[in-house]
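*Asks:* Chain by chain, the residues run as shown.
There are 2 protein chains.
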Amino acid sequence: MANVSDITVSAAINSLSALLFLLAFAIFRLQPMNDRVYFPKWYLKGIREAPSTSGPLVKKFVNLDFRMYLRFLNWVPAALKMPEPELIDHAGLDSAVYIRIYLLGLKIFVPIAILAFGVLLPVNYTGKNFKIMSVSMKDLAFGEIDKFSISNVEPASKRLAAHIVMAYVFTFWTCYVLYKEYKHVTDMRLHFLASQVRRPDQFTVLVRNVPADPDESVSEHVEHFFRVNHPDQYLVHKVVYNANKLAKMVDQKKDLKNRLIYYSNKFERRPDKRPTTKAGFWGLWGKKLDAIHYYTEEIEKLSKEEIVERERVINDPKAVVPAAFVSFRSRWGAAICAQTQQTKNPTRWITMWAPEPRDVYWNNLSIPFLELNVRKLIMGVAFFGLIFCYLFPIAFVQTLANIESIEKVLPFLKPLINRGSVKSFIQGFLPGIVLKIFLLILPMILMEMAKIEGHIAVSILEAKSAGKYHIFLLVNVFLGSIVTGTALQQLKQFLDQSASEIPKTVGLAIPMKATFFITYIMVDGWAGVAAEIFRLVPLVIYHLKNVFLVKTEKDREEAMDPGSLAWPITEPRLQLYFLLGLVYSTVTPLLLPFIIIFFAFAYLVFRHQVINVYNQKYESAASFWPDVHRRILIGLIISQFTLLGLLSTKKAANSTPFLLVLPVLTVWFYKFCKNRFESAFRKFPLQDAMIKDTLERATEPQLDLKSYLKDAYMHPIFKGGEVELMDFDEDDDDFHIVATKRASRRGSQAGTTDCSPDPRNTGFNAV
Amino acid sequence: MANVSDITVSAAINSLSALLFLLAFAIFRLQPMNDRVYFPKWYLKGIREAPSTSGPLVKKFVNLDFRMYLRFLNWVPAALKMPEPELIDHAGLDSAVYIRIYLLGLKIFVPIAILAFGVLLPVNYTGKNFKIMSVSMKDLAFGEIDKFSISNVEPASKRLAAHIVMAYVFTFWTCYVLYKEYKHVTDMRLHFLASQVRRPDQFTVLVRNVPADPDESVSEHVEHFFRVNHPDQYLVHKVVYNANKLAKMVDQKKDLKNRLIYYSNKFERRPDKRPTTKAGFWGLWGKKLDAIHYYTEEIEKLSKEEIVERERVINDPKAVVPAAFVSFRSRWGAAICAQTQQTKNPTRWITMWAPEPRDVYWNNLSIPFLELNVRKLIMGVAFFGLIFCYLFPIAFVQTLANIESIEKVLPFLKPLINRGSVKSFIQGFLPGIVLKIFLLILPMILMEMAKIEGHIAVSILEAKSAGKYHIFLLVNVFLGSIVTGTALQQLKQFLDQSASEIPKTVGLAIPMKATFFITYIMVDGWAGVAAEIFRLVPLVIYHLKNVFLVKTEKDREEAMDPGSLAWPITEPRLQLYFLLGLVYSTVTPLLLPFIIIFFAFAYLVFRHQVINVYNQKYESAASFWPDVHRRILIGLIISQFTLLGLLSTKKAANSTPFLLVLPVLTVWFYKFCKNRFESAFRKFPLQDAMIKDTLERATEPQLDLKSYLKDAYMHPIFKGGEVELMDFDEDDDDFHIVATKRASRRGSQAGTTDCSPDPRNTGFNAV
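The listed protein sequences correspond, in order, to chains A and B.
Following the numbering used here from start to finish, the first sequence increments by one per residue and tops out at 767.
Following the numbering used here from start to finish, the second sequence increments by one per residue and tops out at 1767.
Just so you know, these hints were derived from the structure itself, not from any lab.
Treat the hints with caution; some may be incorrect.
Stated by the list, open to error - Below are the DSS-like pairs computed for lysine-lysine, each with C-alpha atoms no more than 27 Å apart in a straight line:
1. K183(A) / K1253(B)
2. K671(A) / K1671(B)
3. K1683(B) / K376(A)
4. K683(A) / K1287(B)
5. K451(A) / K1301(B)
6. K1671(B) / K1617(B)
7. K1183(B) / K1651(B)
8. K1674(B) / K376(A)
9. K1545(B) / K1504(B)
10. K180(A) / K1344(B)
11. K464(A) / K671(A)
12. K1671(B) / K1183(B)
13. K107(A) / K81(A)
14. K464(A) / K1674(B)
15. K1376(B) / K674(A)
16. K180(A) / K671(A)
17. K344(A) / K1183(B)
18. K1253(B) / K344(A)
Assemble the whole structure, with the sequences as input and the hints as a guide.
*Replies:* In structure tokens form, the structure reads like this:
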């Protein structure tokens, strides 16, 4: 797979598969019955109505040849047409900034590619093809493509100066573009925050680790503390109930209701036969029962239990966790409370900006300080194990899943297994599939780890699991492809090597792996992005739901799965392309066009998806940007060290001091940007708070902020609830019953804090 | 120098020299003429008066045999007598906490030594003396002492389990003691801050990087900004003048005045001969002049220039730097402003707690943000060069200073140089002296580097230079003693070794270096501390000043040099003893008693010095403690890795996982303590601010805070000044002339921000 014609073939195959996905998309999106799969965003906005299905079906197929081709091109300008401010308005700042990452890739790599093709390609091509590799290695990975790579330059040649100069140029260009982008995103964020309408989280602070008081309840203690220490600013607060058990019950009930609907539909269609189910697990075994009757009874039983539990939560003082949402009279007051330390002991009365209500991860609000530290330690060790030992459990499962064990456990399968084709399938594919499944569920494992670590907002959970995923991909995909063997073997190899040898090992392997990574970009990047726009999994699930569950138009709306950007998964994968581009920009510039095509294509696709499909669960106002920035710089530093190692194998060791300057400058640039911009993503400046407060006081002097904030931070389980809720009212310091209204559809939907990243939404294939 | 008898001799010699210092101290401190050298603290407090010098001088010498010996023991109980609260009151919290570090050393090492002697010594001694070293190495460093060290345990022996268990016990004990101490110091600090009287810095925030405004002066801009964004809290502010040139003039004038006094005194003593001086550099050459006349004229000239410059500074708007001290109505308001971000751009309107007035480093208040970042980058690179290349310039100077070059440059010295004894002195001692001089001025170099980095308080400058000094000692003294060769050669050696080999190299060398470090502890530790109490350099300087400059009692007071703890120098050196104790606790426990004697002796000496001698320049309320804590933990981690390396050379590689747990736990412990305690040293909690404010409002309702704060943050150059000062008054927004009173003596003295650490104050010999 090493010479140019091989790559051409591979590119052709992958372009074709990408084209097939696009064609399938072009066909499927025109079918009215798929409209809710490909345009759910517009339905959620209430702008789009179901297209009439009365027209003659055949017409679409008749027009296929001509119109389809037009349509096939059609979505591209449509995706590009919407201007950025409108896009922010339509899909939120997170989405708008997210697709800018692809644009950033283009901004970085197009000029780099032009320079590299103009300067480095001629320098490499006219070099003497002085092979330093052994013949076997040459057979493996060296081919015509290497005529254009640094491998073609003979060791200790003066030509290598060109590569060093280019490394400088590329570093400065990348930093320049990153600086401009950071500045622009910061401005966008600040502008977005400034132009936002009034939101409860602007006035609210989350206080955790409220110390126990023998004489006062948590609620009283919180109120007295803030009345004393923020006398002019304190307005109202909301204690947090531990409603985890109740939430589980509600989920269970929803599941039962779905089953009831399924069987009712079945009965409606065939009224002659009452549907039956079995009492055991998942209706698979046990006594045969009348399904409709059984589920109706089960739901009633659960409803009663739910009411009991609901009352217990509200009335039992032990169900109140030592945390509260404290709201202030002004944004200024909240900004002050969030940024300052309240008491001597920094592990008590910890204040931070409240996440927006949809973003709160309720389960973790009550973890005490010491436990939080222990959890982090354990998860740190577990993550280390996950990176370096993840192949052990997989190997174990694979051993279990081999022919002999299967035969032993399930002897009746023996005749089947012993048939040649089945046997070879099991032996050939099963190990690979186990690994594939692991990589598919890896983001979910990382998300669970982040939850155990005890973060209190979905956005933080996602950021943390994204960080872990990035490290995993860096070690096990990038390094794992270069230094063969398991991560543990690599680690041992690196530890046994001297520090100055490590970059050499990596540097030596880098040019040889260029063709592998080009193929990777085409398979994972090109075809993956095309698969993303086709949305196969949501398509299938939607139609299954449509057949079995949907009765009314409202049901159909609920069956829609718009999905979301799932950036904790896509962003770390995306970083791999930045890394590859930066590493190969000086080594094998031929790789750059493939990266550029990926970024351009992905930009189009994701812009389309953001406009027509995805529905973000919360809005963090691009708070993930510092992570994106940092990770690109990590890629830049890795690229500098690999070049350093590569050149030292080229007997150009005296270039080392020149190249060592680059990582130092890059680290300094990182720190500079951090100081300059990061606080805009972490803190809320007082001046802006004051401006908004003053404006609001002038325009709405009669605003009743207290009632506006009262129920903003209520556990979602109480918001959608139908029973009455005992609530603590601050005005007259006594408990009375307040009927809570059913929250608006949007609030209820937003309240479901299902934060497992959903791998279905990303067309990328893991590894 | 390897066997027990050698060490006994060395111990005897060093104990004797320490004893000699103590004896000299005992004699000298009784002489009334030395009273101001050994008890300056009491003079400064105004408690002690000069002892009468009228008694018969001979009496002291008569009583010498008997009384002196009693006195010699006498200062020890006196040093221990003062209880800690009184000590804090007398010498400040910084000093009281500083001497607790020595106590901490005792708390850590006494139990460790008991356990190590009880468990490890028998285990080591009964091991088979299986030598793994080559014969030449054995001759070099192995001796009887190794019978008690881990070297005596044969490789792969089960006995090594004892060392691993002890490593765990020592780690947990050290962490436990450190935790208790951190907690105690935190409580002391908080109690100290809470019981402090009203101080200007409690109400004041330093704001830097005030953006330029075309319509307003800096002063107006500051006032408007804080009136808007802290409406209820803003009280008054003080702009900062760039008076660096003026300060230089004042220093120059002081110097000239000293010369004038010197010549006047000379003339008084011998009125027959008018003293003369020369006009050239330092009075060494040039035209001969009448000294008194010449200096009187010079002073007059300078005074006139000074007045002009003083007026320029006050009237020229360009002399106002974009920084200001902003004071608030309450501590609460200041705490809020110091801890929050003011504007979108985090590089503007940067607020932080104002250092106390004595602590401000005025020269650095005006550095803009970008320049600050560039300065830090340059200093980082320079520091790296200083660590790894400091021997190059020294070698260069040494080459210049060899016989041949001296002969070439100064041929007339040839006959002198060629005499045997002089030649051997130059060749034998000069290179060593050059190195010694470098190490003596190193702290000053590091302080200059910290100043260039742009920190704005003397306490921060000292903390930063201490951190650099610690790293320097770690690399060039500890590692440099173990891995011979220059730091650059070491670095190369480490880079060329594999990561898993480095601990082995160090681990192998550690037991061999035990005797070297025991000698080091005695020379640098024991004798050094004894020299500290003797105060030779201040003694000589005081008497020189007394002879040449002192005329009145006030002059004599100014001639006193109480010095200060100079913790940026002593603390990093001290850390070396913690490191050695921790490293050798499992390897060669015989080293521990030497460490314990050092800590006990140093505790006594420094307690005496703090009570009787030192006068701290500012009070940071023990804000250095997090650094002390961190550095001890760094020592602990180094000790764990060296043991790990040592055991892997002992063919006990399977112990590695057990020992790897320790650094992980230690790092976690560090993070835990950081979260738990550090903010008490960095932030001022709102609750405490509120309590103090409320109390003050109740007890002193009539307090005029504005006039109290008005001149607190004035450049010291204006405080001591005699000319009138134009001042900006906030009440009526116009300039009028306010006569500033001569500041009180204490304030003026405190205002001299001479912050170069003074190596004279520490008896430690560098390396």
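*Asks:* Would you list, in rising numerical order, the hints stated earlier that this structure does not obey?
*Replies:* 1, 4, 5, 6, 7, 9 and 18
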